Amino acid sequence: MTSATLAPDRPAWGRRPARGGRRLTRASGLGLGVAMLWFSLLVLIPLTAVVVTAADGGWTEFWSAVTNQQTAAAIRLTVGTAFLVTLVNVVMGTTIAWVLVRDEPFFGKRALEVLIDIPFALPTIVAGLVLLSLYGPGSPLGVNIANTRVAVFFAFLFVTLPFVVRTVQPVLAELDREAEEAAASLGASRFTVFRRIILPSLTPAIAAGAALSFARGVSEYGSLVLLSGNLPMHTEVTSVRILSSIENDNLEGAAAVAAVLLVISFAVIVAVDVIQRRVVRRG
Numbered sequence: 026m027t028s029a030t031l032a033p034d035r036p037a038w039g040r041r042p043a044r045g046g047r048r049l050t051r052a053s054g055l056g057l058g059v060a061m062l063w064f065s066l067l068v069l070i071p072l073t074a075v076v077v078t079a080a081d082g083g084w085t086e087f088w089s090a091v092t093n094q095q096t097a098a099a100i101r102l103t104v105g106t107a108f109l110v111t112l113v114n115v116v117m118g119t120t121i122a123w124v125l126v127r128d129e130p131f132f133g134k135r136a137l138e139v140l141i142d143i144p145f146a147l148p149t150i151v152a153g154l155v156l157l158s159l160y161g162p163g164s165p166l167g168v169n170i171a172n173t174r175v176a177v178f179f180a181f182l183f184v185t186l187p188f189v190v191r192t193v194q195p196v197l198a199e200l201d202r203e204a205e206e207a208a209a210s211l212g213a214s215r216f217t218v219f220r221r222i223i224l225p226s227l228t229p230a231i232a233a234g235a236a237l238s239f240a241r242g243v244s245e246y247g248s249l250v251l252l253s254g255n256l257p258m259h260t261e262v263t264s265v266r267i268l269s270s271i272e273n274d275n276l277e278g279a280a281a282v283a284a285v286l287l288v289i290s291f292a293v294i295v296a297v298d299v300i301q302r303r304v305v306r307r308g
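To convert, note that position 135 of the sequence shown is 160 in my numbering; the numbers rise steadily by one, no gaps.
For the record, the hints were derived by calculation from the structure and aren't laboratory data.
Note that this is a predicted model, so its numbers are computed, not measured.
Here a beta-carbon is modelled for each residue, glycine too, at the ideal position from N, C-alpha and C.
It is possible that part of the hints are untrue.
Ranges between beta-carbon positions, derived for each pair [as the list claims (entries may be wrong)]:
1. ARG306 / ARG215: 22 to 32 Å
2. ALA209 / PRO130: 21 to 31 Å
3. ALA296 / PRO130: 31 to 41 Å
4. PRO130 / LEU276: 49 to 59 Å
5. GLU129 / VAL76: 27 to 37 Å
6. VAL139 / SER53: 14 to 24 Å
7. LEU211 / ARG127: 32 to 42 Å
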């Protein structure tokens with residue numbers, strides 16, 4: 026035998042592929058590099074800059090900025106309201122998606138499809154003006170919630186409505202109904218069919234929509250700035266608090282609050298992912 030026969034095959038680039046994985050081709054490696062560069066420029070570098078700025082003043086100043094009474098109240102209001110809104114969106118968004126996909130065609134269905142996407146297309150400050158006209162002083166509906174925490178809740182609901190609907194709807198439309206029909210023919214109730222067959226398939230989409238809904242709520246500014254009144258310790262949210270810090274030339278304080286929101290959002294996304302994996306596994 027020759028030495029060439031005894032030598033093991035090697036990848037074209039002279040490196041062995043990673044154990045349990047495939048070697049990247051030149052095209053896929055280039056694509057991965059471009060994607061990571063683009064992601065770094067848009068996400069990683071700005072987020073790193075925020076964290077670095079927040080740490081400039083040291084731990085003492087960072088802790089003082091985020092535990093300030095007014096800032097802490099804004100964080101509690103923002104995170105708590107975003108969490109409640111996400112729970113509502115999980116239920117109502119899934120219900121709306123079900124109506125659009127599974128129910129028989131009804132009058133106004135196409136109009137409803139268009140209306141759901143309005144929060145995506147409408148500038149948030151315009152949404153705030155609309156909400157103020159409907160639910161502020163002089164409301165044609167006779168409902169005035171301006172300068173209250175209910176206004177913050179309504180504004181968050183408005184801008185986050187489409188996320189769960191649009192993530193669940195295509196998945197629900199592609200579900201194979203044969204398994205549902207087979208389970209029903211064996212005597213399973215509608216609730217059992219939904220819990221054991223439909224829900225596990227929808228859970229990843231619901232989780233993705235919930236994470237997007239929470240993240241959007243935490244970062245919202247335009248839709249509530251007019252309606253909530255931005256009252257310190259009462260209706261002021263973190264986005265307004267960050268803007269106030271920047272206007273007062275307190276970049277470290279603004280970055281500290283932003284870093285806290287970043288950590289909270291990341292923790293929520295991880296928690297949602299863990300929950301949806303367990304639901305799918307048990308389903």
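Here is how each hint holds up against the structure:
no.: 1; hint: ARG306 / ARG215: 22 to 32 Å; result: holds (23 Å)
no.: 2; hint: ALA209 / PRO130: 21 to 31 Å; result: holds (23 Å)
no.: 3; hint: ALA296 / PRO130: 31 to 41 Å; result: holds (38 Å)
no.: 4; hint: PRO130 / LEU276: 49 to 59 Å; result: holds (54 Å)
no.: 5; hint: GLU129 / VAL76: 27 to 37 Å; result: violated (52 Å)
no.: 6; hint: VAL139 / SER53: 14 to 24 Å; result: violated (39 Å)
no.: 7; hint: LEU211 / ARG127: 32 to 42 Å; result: violated (21 Å)
Hint check: violations occur at hints 5, 6, 7; the rest are consistent with the structure.
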